[in-house]
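Visitor: Quick mapping for you: the protein sequence lines, in order, are chains L and Z.
Here the first sequence is numbered in full-length UniProt numbering, starting from 1 and rising by one per residue.
Here the second sequence is numbered in full-length UniProt numbering, starting from 1 and rising by one per residue.
FYI, nobody ran anything at the bench for these hints, they're computed from the structure.
No copy is singled out in the list; a pair is fine if it fits within one copy or between any two copies.
Here are the simulated DSS-like cross-link-like pairs (lysine-lysine), alpha carbons at most 27 Å apart as the crow flies:
hint, residue 1, residue 2
1, K350, K417
2, K562, K130
3, K331, K308
4, K108, K516
5, K130, K500
6, K417, K339
7, K108, K58
8, K547, K130
9, K507, K108
10, K14, K143
What you are looking at is a predicted structure, and each value in this text was computed from that prediction instead of being measured.
There are 2 protein chains.
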Amino acid sequence: MDYRRTHTCNALRKKEIGKVVTLSGWVHRRRDHGGLIFIDLRDRFGLTQLIFDPEISKEAHVTASSLRAEWVISAEGKVRARGEGLTNPQLDTGEIEIEVTTFEVLSKAKTPPFSICDDTTETHEDIRLKYRYLDIRRGGVAKKLAMRHQAMMATRSFFNTEGFLEINTPIMGRSTPEGARDYLVPSRIYPGNFYALPQSPQIFKQLLMVAGMDRYFQVAPCFRDEDLRADRQPEFTQIDLEMSFAYPEDMTTLIHRYLKDLFKVCLDYTVPDEIPSMSYHDCLEYYGTDRPDLRFGMPLVRVDAIAKASEFSVFKEQLENGGCVKALCVKGGATISRKEIDRYTEFVSKFGLRGLGWMKRQEEGLTSSIVKFFSAGQLKELEEKTGAQTGDLLLFAAAGEATVNQSLDHLRRLIAKERNLINPDAYNFLWVNGFPCFEWDEDENRPQSLHHPFTMPHPDDLHLLETDPLKVRSHSYDIIINGYEVGGGSQRIHDFEVQKRVFDALKINAEEVNQKFGFFIEALQYGTPPHLGIALGFDRLMMLLTKTENIRDVIAFPKTQKASDVMMQCPASVSQRQLDELEVSIGTHSGGQFPAKRK
Amino acid sequence: MDYRRTHTCNALRKKEIGKVVTLSGWVHRRRDHGGLIFIDLRDRFGLTQLIFDPEISKEAHVTASSLRAEWVISAEGKVRARGEGLTNPQLDTGEIEIEVTTFEVLSKAKTPPFSICDDTTETHEDIRLKYRYLDIRRGGVAKKLAMRHQAMMATRSFFNTEGFLEINTPIMGRSTPEGARDYLVPSRIYPGNFYALPQSPQIFKQLLMVAGMDRYFQVAPCFRDEDLRADRQPEFTQIDLEMSFAYPEDMTTLIHRYLKDLFKVCLDYTVPDEIPSMSYHDCLEYYGTDRPDLRFGMPLVRVDAIAKASEFSVFKEQLENGGCVKALCVKGGATISRKEIDRYTEFVSKFGLRGLGWMKRQEEGLTSSIVKFFSAGQLKELEEKTGAQTGDLLLFAAAGEATVNQSLDHLRRLIAKERNLINPDAYNFLWVNGFPCFEWDEDENRPQSLHHPFTMPHPDDLHLLETDPLKVRSHSYDIIINGYEVGGGSQRIHDFEVQKRVFDALKINAEEVNQKFGFFIEALQYGTPPHLGIALGFDRLMMLLTKTENIRDVIAFPKTQKASDVMMQCPASVSQRQLDELEVSIGTHSGGQFPAKRK
Chain L
1 MDYRRTHTCN ALRKKEIGKV VTLSGWVHRR RDHGGLIFID LRDRFGLTQL IFDPEISKEA
61 HVTASSLRAE WVISAEGKVR ARGEGLTNPQ LDTGEIEIEV TTFEVLSKAK TPPFSICDDT
121 TETHEDIRLK YRYLDIRRGG VAKKLAMRHQ AMMATRSFFN TEGFLEINTP IMGRSTPEGA
181 RDYLVPSRIY PGNFYALPQS PQIFKQLLMV AGMDRYFQVA PCFRDEDLRA DRQPEFTQID
241 LEMSFAYPED MTTLIHRYLK DLFKVCLDYT VPDEIPSMSY HDCLEYYGTD RPDLRFGMPL
301 VRVDAIAKAS EFSVFKEQLE NGGCVKALCV KGGATISRKE IDRYTEFVSK FGLRGLGWMK
361 RQEEGLTSSI VKFFSAGQLK ELEEKTGAQT GDLLLFAAAG EATVNQSLDH LRRLIAKERN
421 LINPDAYNFL WVNGFPCFEW DEDENRPQSL HHPFTMPHPD DLHLLETDPL KVRSHSYDII
481 INGYEVGGGS QRIHDFEVQK RVFDALKINA EEVNQKFGFF IEALQYGTPP HLGIALGFDR
541 LMMLLTKTEN IRDVIAFPKT QKASDVMMQC PASVSQRQLD ELEVSIGTHS GGQFPAKRK
Chain Z
1 MDYRRTHTCN ALRKKEIGKV VTLSGWVHRR RDHGGLIFID LRDRFGLTQL IFDPEISKEA
61 HVTASSLRAE WVISAEGKVR ARGEGLTNPQ LDTGEIEIEV TTFEVLSKAK TPPFSICDDT
121 TETHEDIRLK YRYLDIRRGG VAKKLAMRHQ AMMATRSFFN TEGFLEINTP IMGRSTPEGA
181 RDYLVPSRIY PGNFYALPQS PQIFKQLLMV AGMDRYFQVA PCFRDEDLRA DRQPEFTQID
241 LEMSFAYPED MTTLIHRYLK DLFKVCLDYT VPDEIPSMSY HDCLEYYGTD RPDLRFGMPL
301 VRVDAIAKAS EFSVFKEQLE NGGCVKALCV KGGATISRKE IDRYTEFVSK FGLRGLGWMK
361 RQEEGLTSSI VKFFSAGQLK ELEEKTGAQT GDLLLFAAAG EATVNQSLDH LRRLIAKERN
421 LINPDAYNFL WVNGFPCFEW DEDENRPQSL HHPFTMPHPD DLHLLETDPL KVRSHSYDII
481 INGYEVGGGS QRIHDFEVQK RVFDALKINA EEVNQKFGFF IEALQYGTPP HLGIALGFDR
541 LMMLLTKTEN IRDVIAFPKT QKASDVMMQC PASVSQRQLD ELEVSIGTHS GGQFPAKRK
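Start from the sequences and build out the full structure, keeping to the hints where you can.
Guide: Right, here's the structure in full:
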């Protein structure tokens, strides 16, 4: 029989009753009941119930009794209404069923290593990844991949409409002396030489501006050979943009329009008309991080002055050593037990904080073992600064700025999560700007670029390049969603005189410039337009849109945290002939089949 | 000044006269004339003439005199009509010019290594590639890249509308035991093991069908470490498709609709409503190749029977040795000189043909030194079979089938090109089907797959699998445009019983199957829907759409025929630290900086 479908398994409704249709798909479930055989037929769109009735086709009924889960069949029959009380409101097709007249088994299936029809059973991720094709068939990942496709379509459509051209830049490029570790590809034609997979198309996108392409974008595959964190993959995708003759505000309004479009298309979610901005300085001051999650409040409150005036030596010592004291006000936290607070203390110790001070705001005022070190006026002032009201808990961290910030950032997020302060359906958007241009490199004993040496210093700070480079802010912007850095970019230097001043500030001499940035610096001298760009982490965006914490859920064939593909069993050994052709040999320590143990 | 543009350099027309505008771009040309300075300002969209008049701004006029080619400037001024007789009908903006009131130099430029404004001067391609950003700025490549973007948009939009999901498959995969040479990527985490860059997403796209994704596509980056022909690149792009529950005719009609859409969007060219099909057998019989260029006629005509009946021993010997005799009829070719025919003879000798017979059809009939070996009736018959008319030339090749076909295919195309038989604006589309499933592998002394072992044998030939495998045709289809194989695909085997019969025909035992195709064969046994696919060479399509013979014209940053990037200077040496981390070492024969000589 012709296995082409008239409908998918999620298409038929009451209005098709009486029609003769052909459906093809997988046997999701079989039930034998009262002389009838019921099959839920499945495809990626949904389920439709097939009925095999010996009264209608004796032959079909007999054959159907041999059907097993995951066999692929094609069935022809008439659409009919389900009987009284037999409709299934959970299913889009729940009001109808198909009286099968003829059908064919297209292919049989071995018993899968985990159930396809019951996706509530926890299956170890290694097994899911090994049989990724079955894992996808279960539906959850398939839906995320479908949304990923939709998001890519929306992205391309948006930037096309805005006059951007998608231009594919090379995947086999040159290893860069700075940044993360490159994946290398040995050259056969030039033995002993290597290509590198790109960590980003940064150099190419700037060259495209030099080339006059005006507005470039790319859904760009990028690669980093790093020890992987849970939310990283060795291959990842970035939405990469660069535009000429524009200012940062043009980029931020463009990306705002893009996010509005993307969230509307994918989720029918309305991104607000205003995305607030916060300076790097304020982010650290009030949230202890440059990517604050503003879905909830609980800001960090600096109480240095009060602490200094108090009698509490623990705080005063830290202040004298150049540290600071900040407080968190946990609304309704006065009921939190000592034991819980001890757990918080242990949690922040991972970030180097040696203790947490605390006070509870009771009816009678602030109480705790440390209030005695504060005057009534100081306690009053603490309440005012922190906004503590009856029933709240104040937590205090005193240490160096970095330690206080990191500890309270993590603690703030932990408490918010544990106390359900976060609306899981909310999205919070924030621009962060005013990053420092340089940071001090202790090893090299000279400033180094926070982003890269082509980042434009903020025009207001240009005069500080020679006198106080660490005070120079860059002309850059990061977009933060729900506390994740989803993207970042900057205005680039287009004036070679400014570029030279930046190299001087970095203490890089002409020879080093040439060695490190060679042809690119050359290119910038042939007439470079003012230009700026941004890169958005597309996998991260998809995690936010599909509400998953697992990056592997939004990638069809992901790698494990050890950068291996357990389905294909790769990386793998290759033949000696292949190595000989490349004139490379593997070290004496190496060898052994995947999954070799990591040294 | 604010360098943001009100218009691009190709936007202003007469209706904007009187408006105050800001343009930014590159100084294309400067002319000083009658006390005025004229600047042609350029961006990727076009040119606009700026006038610097000391009467309007003395300061701007003075500064403008220092402007050099390729400096980037931003200028504000009023749009005015060009004077009588000074309009330029060649330019879209040729009726207006801008009276500049203020302007600013945004960046200066060194003298480029070749002229940007005069792109008629031939520049060696190595120089163009070294300064690719300037080469693109000249405009020709930029226009092709813009069309490439447009074609990618049209492609994605089309397949999205047809229900296909774009799913990105991994770039770091596993080396395949068969096919072309892989690029390898050493693993740091599993030393001695390697990833491979994909030659195509073949395995993944079939797995996505097993996963139930129904319809997949991808604009897929692919990689092959081959010695490059002129029209190949180590990195190339393919439009990759796979669909379930469909037959080859569904795929060919889909691709036909796609090509209609693509050619309409990019060129406003109407692909005909019918794309003819030709069998592999007929292609070879009538054109000597499986990808005939049908923009012109001149088919190969088999004259075995006449040759056999003749007295011409040269032909007869070839026939006796199992060869054949075919003729080409060159219309109006009777005026072609002996010397030209000698050149043809030399040309075909490259393909192993030892000589060309010829006859000219004069008023009196066929003439040549060999007509004496043919009877009047045989000559008459030759004329009828070849359609030779007065003024035509017949060329004969006699040898083994393969040699005759290859020689006459090349000769036919050479003659068509030299005699201008090809309309450069025409596109000719052809489906080729009925390829053999297997070919005989002399080395291995067993059949091997012409495509791959998952290609479905033609249903009409399934019964021959055991008895006469070389007669089995595959269920496959190639799309040929203007004699180029633009794409090919096939129905895949979804029934494991058929798959086993194919492995048997290939004399591959279970162990070898497991070793070569392992996890993929496993996957096919968990319920595989009938599925089929195709892959289209996107770079080749772009070459056809942009009418270039040079694949590097349609790629932003291409590699040379030695797979090197002369701009970035890569492949390049890497640090010992990088090699140590990967535990690989380079052979004693290797080393030396790019561009090392190839061994």
